[in-house]
Amino acid sequence: MQGKSWYKYLLSLPPMAYLLIFFAAPTLIMLFASFRYAGEYGGLAPWYLHENGRLTLDLTLENWQRLLGTDIYLRLFLKSIGYAVVTTLICMLMGYPLALMIARSGRKSRDLLLLLVILPFWSNFLVRIYAWMIIFSPVGALTRMLNGVLDLFGAGPITLMFSPTAMLVCLVYVHLPFMVLPLYANLEKHDLDLLDAAQDLGAGKWRQFWLITWPLSLSGVIAGSILVFIPVLGMFAIPDLLGGIDGIMIGNVIKQQFMESRDWPFGSVLSMVLTVTAVAVVLLGSRLGQRR
Amino acid sequence: MQRRNVLLWISAALVYLFLYLPLVIVVVFSFNDSRLNAEWVGFTWKWYGKLFHNREMLAAAMNSLIIASVSAAVATVLGTLAGIAMHQSRLRLLQVLVLAPIAMPEILMGVSLLVLFIMVNMTLGLLSIMLAHITFCIGFVALAVQARISSMDPCLVEAARDLGASTWCCFREITLPLLMPGILAGGLMAFTLSIDDFVITFFTAGVGSSTLPLQIYSMVKIAVTPEVNAVSTLLMLLTLVVITVASRLSPAVVQGE
Numbered sequence: 001m002q003g004k005s006w007y008k009y010l011l012s013l014p015p016m017a018y019l020l021i022f023f024a025a026p027t028l029i030m031l032f033a034s035f036r037y038a039g040e041y042g043g044l045a046p047w048y049l050h051e052n053g054r055l056t057l058d059l060t061l062e063n064w065q066r067l068l069g070t071d072i073y074l075r076l077f078l079k080s081i082g083y084a085v086v087t088t089l090i091c092m093l094m095g096y097p098l099a100l101m102i103a104r105s106g107r108k109s110r111d112l113l114l115l116l117v118i119l120p121f122w123s124n125f126l127v128r129i130y131a132w133m134i135i136f137s138p139v140g141a142l143t144r145m146l147n148g149v150l151d152l153f154g155a156g157p158i159t160l161m162f163s164p165t166a167m168l169v170c171l172v173y174v175h176l177p178f179m180v181l182p183l184y185a186n187l188e189k190h191d192l193d194l195l196d197a198a199q200d201l202g203a204g205k206w207r208q209f210w211l212i213t214w215p216l217s218l219s220g221v222i223a224g225s226i227l228v229f230i231p232v233l234g235m236f237a238i239p240d241l242l243g244g245i246d247g248i249m250i251g252n253v254i255k256q257q258f259m260e261s262r263d264w265p266f267g268s269v270l271s272m273v274l275t276v277t278a279v280a281v282v283l284l285g286s287r288l289g290q291r292r
Numbered sequence: 001m002q003r004r005n006v007l008l009w010i011s012a013a014l015v016y017l018f019l020y021l022p023l024v025i026v027v028v029f030s031f032n033d034s035r036l037n038a039e040w041v042g043f044t045w046k047w048y049g050k051l052f053h054n055r056e057m058l059a060a061a062m063n064s065l066i067i068a069s070v071s072a073a074v075a076t077v078l079g080t081l082a083g084i085a086m087h088q089s090r091l092r093l094l095q096v097l098v099l100a101p102i103a104m105p106e107i108l109m110g111v112s113l114l115v116l117f118i119m120v121n122m123t124l125g126l127l128s129i130m131l132a133h134i135t136f137c138i139g140f141v142a143l144a145v146q147a148r149i150s151s152m153d154p155c156l157v158e159a160a161r162d163l164g165a166s167t168w169c170c171f172r173e174i175t176l177p178l179l180m181p182g183i184l185a186g187g188l189m190a191f192t193l194s195i196d197d198f199v200i201t202f203f204t205a206g207v208g209s210s211t212l213p214l215q216i217y218s219m220v221k222i223a224v225t226p227e228v229n230a231v232s233t234l235l236m237l238l239t240l241v242v243i244t245v246a247s248r249l250s251p252a253v254v255q256g257e
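Line by line, the protein sequences are chains A and B. Okay, so the first sequence: first residue is 1 according to my numbering, each after it adds one. Okay, so the second sequence: first residue is 1 according to my numbering, each after it adds one.
Honestly, the hints are just simulated from the structure, not real lab data. Backbone N, C-alpha and C fix where the C-beta goes; we use that ideal spot for every residue, glycine too. Do not rely on the hints blindly, as some may be mistaken.
Pair by pair, the computed Cβ-Cβ distance ranges are [said to hold, decoys possible]: (1) Q199(A) / D153(B): 36 to 44 Å; (2) L237(B) / V276(A): 36 to 44 Å; (3) Y20(B) / L76(A): 32 to 40 Å; (4) G49(B) / V149(A): 34 to 42 Å; (5) Q199(A) / R35(B): 57 to 65 Å; (6) D33(B) / L283(A): 53 to 61 Å; (7) S218(B) / L57(A): 57 to 65 Å; (8) R248(B) / V149(A): 41 to 49 Å; (9) V149(A) / D33(B): 23 to 31 Å; (10) T244(B) / A155(A): 55 to 63 Å; (11) Y16(B) / Q199(A): 27 to 35 Å.
Working from the sequences, and respecting the hints, build out all of it.
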């Protein structure tokens with residue numbers, strides 16, 4: 001099949017055309033929309049005007065000025081990044097031992113153990129959020145039990161639902177497999193003879209881990225972290241259903257601009273900032289990963 | 001080679017518990033004879049019965065199946081082409097276009113497609129949802145196919161070429177049959193991704209084109225009811241079956257490498 005380069009391009013043409021229209025173009029349109037005025041009844045206003053028979057552009061920097069004019073949005077972004085960082089760290093703390101255990105178990109059980117991580121990951125996203133709504137519900141066993149214990153110590157009742165804690169638990173729950181899978185793929189490839197050699201030279205388990213396993217696994221850690229960090233950064237459903245008022249993230253405000261207040265230009269501004277942040281994180285991660 | 005470390009095993013077991021307990025609760029309470037998802041009262045099928053008499057739910061299920069079938073079919077064709085092309089040439093643009101939709105937060109694809117569809121005056125409905133679902137499914141199919149090709153022995157194609165087979169004949173008789181498990185697994189994955197998608201559907205659906213996840217969302221927004229448990233259980237069962245078949249066909253695909 002070599003030598004016929006036109007044939008390769010022919011193959012790539014249909015998917016490329018599709019993705020240019022439905023992925024690349026919409027992204028550029030959104031960048032353009034961030035400089036337009038909002039329509040009177042929502043949506044976008046026309047981007048040109050007829051004046052004295054001449055076309056003039058009707059674009060503005062207002063939307064971007066609105067972003068920079070106050071620190072509300074900066075703080076919102078920082079808060080979202082904060083949630084993403086904390087979720088990533090917790091996923092790493094929980095996912096690392098699991099991935100290590102799977103990678104070090106026997107060949108036969110390995111596939112089954114891995115499948116058990118993948119299955120919940122393939123169950124519906126909303127169902128997984130809903131499960132935590134049941135667990136954290138005020139009438140649920142967990143809340144009643146906690147309040148029973150708190151009552152013994154004379155403390156007032158608490159609610160779990162609509163709290164940052166509830167949100168974090170659910171964020172970790174939904175994204176944990178994204179951390180485990182790349183970590184496992186990395187850990188599974190390690191040459192265990194290295195650990196045996198270290199053992200023979202008198203290194204304890206702990207030293208073996210920090211001097212051999214951990215440094216070798218860094219590219220897996222980075223890959224997993226990116227896969228967790230980015231979807232959490234753009235999340236709106238979990239804060240929407242579990243977070244309450246304090247839990248609002250950047251995704252919720254974007255959703256609000258497009259669906260409720262229908263200020264599309266400003267929604268586009270926020271989306272562009274999110275896009276740039278996500279791209280920067282991916283590039284930074286792959287740069288760090290390559291250096292390993 | 002086995003290094004048994006009790007601490008490691010205990011922590012792993014706890015993580016498994018964390019992964020499964022919530023889902024088990026959803027399933028168990030779908031059979032519970034009480035409106036509250038709080039205490040076990042008694043066994044019942046009635047929430048499933050209610051589900052099958054709920055017109056909106058049935059319409060949403062129908063929509064979901066239509067959208068997932070069409071999107072998966074189209075995405076499988078386009079994704080297979082992309083996967084083969086990605087293997088054969090290192091086209092940078094193609095790789096970026098295929099991988100970027102997977103790497104970006106879903107909400108961005110949702111809102112940007114909404115802007116596109118409105119700009120071209122398209123009525124939001126089944127078609128707009130399908131066009132959106134195809135966009136994010138292509139990449140997953142392409143990766144599945146690409147993984148399969150790289151595990152293929154290039155000698156087979158070369159041998160066929162040496163024996164005088166044309167490019168097309170070679171593709172049809174050798175490459176395609178060998179790729180089939182990867183293509184099918186990719187297609188099944190696209191089907192579940194489509195049927196499960198909430199975020200992108202949320203932005204690209206119009207009036208009267210509700211899907212199962214959208215239906216679940218609007219129900220849980222109001223209250224936690226056992227009917228949601230029942231529909232969730234059925235949806236999980238469907239995904240479980242499809243993914244099990246896909247992983248039999250091509251284990252590497254489902255692991256989402």
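Consistency of the hints with the structure:
no. : hint                          : verdict
1   : Q199(A) / D153(B): 36 to 44 Å : holds (39 Å)
2   : L237(B) / V276(A): 36 to 44 Å : holds (41 Å)
3   : Y20(B) / L76(A): 32 to 40 Å   : holds (34 Å)
4   : G49(B) / V149(A): 34 to 42 Å  : holds (39 Å)
5   : Q199(A) / R35(B): 57 to 65 Å  : holds (59 Å)
6   : D33(B) / L283(A): 53 to 61 Å  : holds (54 Å)
7   : S218(B) / L57(A): 57 to 65 Å  : violated (41 Å)
8   : R248(B) / V149(A): 41 to 49 Å : holds (47 Å)
9   : V149(A) / D33(B): 23 to 31 Å  : holds (29 Å)
10  : T244(B) / A155(A): 55 to 63 Å : violated (47 Å)
11  : Y16(B) / Q199(A): 27 to 35 Å  : holds (28 Å)
The structure does not agree with the numbered hints 7, 10 stated previously, though it agrees with the rest.
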